[in-house]
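Given the sequences, and given the hints that come with them, work out the whole structure.
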Amino acid sequence: MSRKGWVLFALVGLLWGVPYLFMKVAVEELSTPVIVFARLAIGALLLIPVALYEKSIRPALKYWPYILFYSVLEMVIPWYLITTAQKDLSSGLVALLVSTVPIWATLFAHHSGDSTAAHRTRIFGIAMGLLGVALLVGIESLNDFDSAIAIAMVLVASISYAWAVNMITRRAPEISGVAINGLSMIIALIFFAPFAAFNLPTQSPSIEAISATAALGIFSTGLAFWIFFIVLKEIGPARASLVVYPNTAVAVILGIIILNEKLTLAITIGLPLVLIGSYFASKKSETPVVTG
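In UniProt numbering, the protein residues as written are 1 to 292.
In case anyone wonders, no lab produced these hints; they're calculated from the structure. Here a beta-carbon is modelled for each residue, glycine too, at the ideal position from N, C-alpha and C. Hints are supplied without guarantee of correctness; some may be wrong.
Below, a list of computed lysine-lysine pairs in the DSSO-like style, where the Cα atoms sit at most 27 Å apart [said to hold, decoys possible]:
(1) Lys233 / Lys55
(2) Lys55 / Lys4
(3) Lys62 / Lys233
(4) Lys233 / Lys4
Pair ranges (Cβ atoms, derived) [said to hold, decoys possible]:
(5) Phe198 / Pro173: 17 to 25 Å
(6) Lys262 / Lys233: 38 to 46 Å
(7) Ile258 / Glu174: 37 to 45 Å
(8) Ser204 / Pro272: 41 to 49 Å
(9) Asp146 / Phe198: 17 to 25 Å
(10) Leu45 / Lys87: 25 to 33 Å
(11) Ile269 / Asp146: 18 to 26 Å
(12) Leu263 / Glu208: 44 to 52 Å
(13) Ala152 / Ile258: 25 to 33 Å
(14) Ser2 / Lys87: 38 to 46 Å
(15) Tyr53 / Ser211: 26 to 34 Å
If you want it as structure tokens, here you go:
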């Protein structure tokens with residue numbers, strides 16, 4: 001990998017590691033629909049001009065039914081569930097659960113006819129990753145019922161992420177990822193608009209909540225997606241998919257340092273199992289994992 005590739009890879013790892021911190025701060029004062037709407041609006045404002053400059057909007061529009069479906073699977077469902085779950089879970093635990101996306105993606109690839117998904121190395125990864133998830137869920141669910149529901153929400157979001165990538169890769173090959181995600185953000189933005197309008201804060205939010213929401217849209221959505229697709233061209237989909245691992249490390253570290261979150265037994269046990277399992281599960285995959 002070139003120096004440019006390493007720099008961009010590290011930058012995406014940072015940009016997709018901090019959204020959990022931003023969401024955790026914002027969700028203390030703002031409703032989920034407002035946070036997601038703001039994130040989508042800012043992200044679309046940044047991505048659509050890039051897609052227009054690339055002249056990739058028109059080719060992408062030919063696949064609008066799949067982009068509509070992708071928007072639901074990649075943004076509407078996961079972003080609502082993940083943001084809501086952060087009311088009851090630590091940012092590090094949420095990031096760790098999201099890092100299971102490569103495991104689900106491998107299972108979907110096998111279902112779609114990818115024979116390499118049945119390779120013993122990838123089966124080992126799936127088994128180890130699912131063991132880590134089972135231990136995470138089992139230990140964290142002992143805390144209270146709300147934690148168990150929140151964990152289930154993040155796992156559903158992770159499965160939705162994996163399904164979205166698998167579907168759009170097969171149905172709209174060679175189409176600009178910037179265009180697909182920019183258009184998807186507009187679709188999701190329209191969906192969340194009425195919910196955000198009816199869930200506006202009753203009092204002025206703090207500077208911290210406003211700044212966290214703005215940063216979520218600018219850095220972890222618009223800028224992160226744009227740079228990710230540059231990384232994709234620079235180092236290829238197999239290596240780009242590995243960005244899920246530094247994401248998780250960044251999220252866990254920031255949660256401990258900035259939010260004073262505890263390094264729980266569940267994370268201590270589950271982190272290595274899930275990350276190692278995800279690595280081996282996606283070892284031969286050529287499908288990039290997008291978990292913004």
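Do the hints match the structure? See the list:
Using a Cα cut-off of 27 Å, the hinted pair Lys233 and Lys55 holds, with the two alpha carbons roughly 17 Å apart. With a C-alpha separation of about 25 Å, the suggested pair Lys55 and Lys4 falls inside the 27 Å cut-off, and the hint holds. For the given pair, Lys62 sits about 23 Å from Lys233 by alpha-carbon distance, which is consistent with the 27 Å threshold. For the given pair, Lys233 sits about 12 Å from Lys4 by alpha-carbon distance, which is consistent with the 27 Å threshold.
The hint said 17 to 25 Å for the Cβ distance between Phe198 and Pro173, and at roughly 39 Å that hint is violated. Judged by the Cβ atoms, the range 38 to 46 Å given for Lys262 and Lys233 holds: they are separated by roughly 40 Å. The beta-carbon spacing between Ile258 and Glu174, approximately 41 Å, falls within the hinted interval of 37 to 45 Å. The hinted range of 41 to 49 Å is satisfied by Ser204 and Pro272, whose Cβ atoms lie roughly 43 Å apart.
Checked against the hint of 17 to 25 Å, the C-beta distance between Asp146 and Phe198 comes to roughly 24 Å, which is consistent with it. Leu45 and Lys87 have their C-beta atoms about 27 Å apart, which keeps the hinted 25 to 33 Å range intact. At roughly 22 Å, the beta-carbon separation of Ile269 and Asp146 lies within the given 18 to 26 Å, and the hint holds. Our hint of 44 to 52 Å for Leu263 and Glu208 is violated, since their Cβ atoms are close to 24 Å apart.
Between Ala152 and Ile258 the C-beta distance comes to about 27 Å, which sits within the given range of 25 to 33 Å. Look at Ser2 against Lys87: about 42 Å separates their beta carbons, and that is inside 38 to 46 Å. Hint check: Tyr53 to Ser211, Cβ distance near 28 Å, so the stated range 26 to 34 Å holds.
Hint violations for this structure: numbers 5 and 12, all remaining hints satisfied.
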